[in-house]
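Enquirer: Sequence order for the protein chains is A and B. Using numbering that gives the first Met the number 0, the first residue of the first sequence is number 0, and each one after it goes up by one. Using numbering that gives the first Met the number 0, the first residue of the second sequence is number 0, and each one after it goes up by one.
What the hints contain is simulated information worked out from the structure, not anything from laboratory work. Watch out, some of these pointers could steer you wrong.
Identical chains share a label here; the pair holds if one copy fits it or two copies do between them.
[To be verified] BS3-like cross-link-like pairs, simulated, lysine-lysine; straight-line CA separation at most 30 Å:
#1 125 / 264
#2 7 / 43
#3 125 / 43
#4 279 / 57
#5 125 / 7
#6 43 / 264
2 protein chains.
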Amino acid sequence: MDPLTIDKKRLRHRATSLLQRDAQIVEPYLHDLTVSRYPAAPQKLLEAMDYSLMAGGKRLRPALVLECCKACSGGDVDASDDQPPPRSALAAAGALELIHTFSLVHDDLPAMDDDDLRRGRPTNHKVFGEAMAILAGDAMVTAAFELIAADAEPAHVPALIRELASAAGPIGMIGGQVRDMESERRALSLDELASLHAMKTGALLTCACRMGAIAADADATKLAAVSAFGRHLGLAFQIVDDLLDLTATPEQLGKQTRKDADRGKNTYPALLGIEGSRMKADEQLDAALAALDPLGSGAENLRILARFVVERDH
Amino acid sequence: MDPLTIDKKRLRHRATSLLQRDAQIVEPYLHDLTVSRYPAAPQKLLEAMDYSLMAGGKRLRPALVLECCKACSGGDVDASDDQPPPRSALAAAGALELIHTFSLVHDDLPAMDDDDLRRGRPTNHKVFGEAMAILAGDAMVTAAFELIAADAEPAHVPALIRELASAAGPIGMIGGQVRDMESERRALSLDELASLHAMKTGALLTCACRMGAIAADADATKLAAVSAFGRHLGLAFQIVDDLLDLTATPEQLGKQTRKDADRGKNTYPALLGIEGSRMKADEQLDAALAALDPLGSGAENLRILARFVVERDH
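If we strip away everything but chain A, and leave its shape as in the complex, we get:
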């Protein structure tokens, strides 16, 4: 194998180990939510929530919270890898995955994208029915804010809730979903597309980074560094998502592919071509990595994650 291939394999191995380790922290916390936090809740509702929360996925957003928290805490990152995360970081990581999962459940609904398959399994409403899928999504949102209010350091709660609510709401993810709906069958400019994606996926990824920094009581310089990192990473992530929809197989992604073109969605490949989109993603990756400079060697895990996100093939 040539050196580049060896380097890529090593990167993938380090990134997946890192994501797995963080997932092993967040998943029991999320599972506990549905098995023990609401003993008086209807069993079916908890099942519907758990079905989508435990469906796997890369758990990239919670990993960004935990790793940004470490990167902003100073000290020895390798040592902190073996420590349990601060309570504010864990609560924020869980809350973010709840918000992300809620958005998938509602986006898959018949009235929205009408998808049957998600992460290789039938979508929530296919299993539990439409009404329950709507309510399970709703309950994930309230649970997200409850986790932060109950489990984070009280002094961090107002800032964490503002970040999450703002990134999820009308000027963030939900607003981006509306813009996306409005722009189907209408050609967007590159700037409009970038702005749509900054809302639809970028806001939540940037929020992950910022919540990690807040949980670490980061100063303004560090907070600005991870914010810029999140913003560029978010755009790179979306461009790669657009590319994979075009080039990957349904088996690789665990969901239907080539949906974007069928639905007349605006994508980077449609505007810039496959090669142009690749270059744009690499450019955003470089900007994301440059943003981490103020954090020095403490941000090594974030660099691994960012490179992995842009070079992934599923």
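Fit chain B to the given chain A structure using the hints.
Expert: Relative to the frame of chain A, chain B by itself:
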């Protein structure tokens, strides 16, 4: 007119003045949310949110927040009637109305109750489409938590968010909605029905009272008093709701009536008869009023509201 009729008219006048005054505080605050808090949000999303938020209604829940806050603050209630509310109370009142309105928008969806009419106007999805109604409801939830985190006293934020999220979520309103769906076409016992309603409507009314007390830094005695008040009032409110569905006209309620029987829903009149339900509502009203004793004359507005809720005819 006999004395009882005069007394009833006077009560109605005092209660509606009180509700109007509180609505005039909360409505501009909610309207401002959609016109100025999210300048970068898609216009259509804000319109859909505003359409349902500004549809009127009694604004009972925000009034309970504001009046419980006054009742727990001590001092001269008549004087405090002319003061702007403390920022935590205003934020909680707005947040609660957002959560209440979100629940109406989602409950009306075709996959849920499939209603065409609400407060005398077409339901949200009839005007804006199903996808937008789902997203507008979602955005009201994130906005509710954002209001509290941004506008309440930071020291109150964790407790207020926990109250609201818990009352809205799997062991509260959303859980109650699931129980309600599960129990259609199945006969519930009186205890099961009371428990369903305690979740579906009682939790949010109790939450209103508790958030008002928290905003007033109430001690444990006062918090317990308004909690019991809210619990009994919530049950009385629901019994009267069941009765009105059976006895009022669509014009009086601004929505379809006699839906419960058509859908095989469990109601108090079905279990106890009309007279029995009336007695049960009065019994709960008495318990609600008794719970206010520790608050003395400061709770007079709450007594007016409670009596009005049980004696209303729409």
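Enquirer: For each hint, tell me whether it holds in the structure or not.
Expert: So, going through the hints one by one against the coordinates:
1. Within a single copy, residue 125 and residue 264 get their C-alpha atoms as close as 24 Å, and across copies as close as 25 Å, so both meet the 30 Å cut-off.
2. Taking the closest pair of Cα atoms, residue 7 and residue 43 never come within 30 Å of each other, the shortest separation being 43 Å inside a single copy and 45 Å across copies.
3. For the homomeric pair residue 125 and residue 43, the shortest alpha-carbon distances inside one copy (14 Å) and between copies (29 Å) are both at most 30 Å.
4. When the C-alpha separation of residue 279 and residue 57 is checked against a cutoff of 30 Å, the pair qualifies only within one copy, where the shortest distance is 23 Å, while the shortest distance between copies is 53 Å.
5. For the identical chains of this complex, residue 125 and residue 7 are neighbours neither inside a copy (38 Å) nor across copies (52 Å), given an alpha-carbon limit of 30 Å.
6. Taking the shortest alpha-carbon separations for residue 43 and residue 264, only the inter-copy value of 19 Å comes in at or below 30 Å, while the best intra-copy value is 35 Å.
Hint check: violations occur at hints 2, 5; the rest are consistent with the structure.
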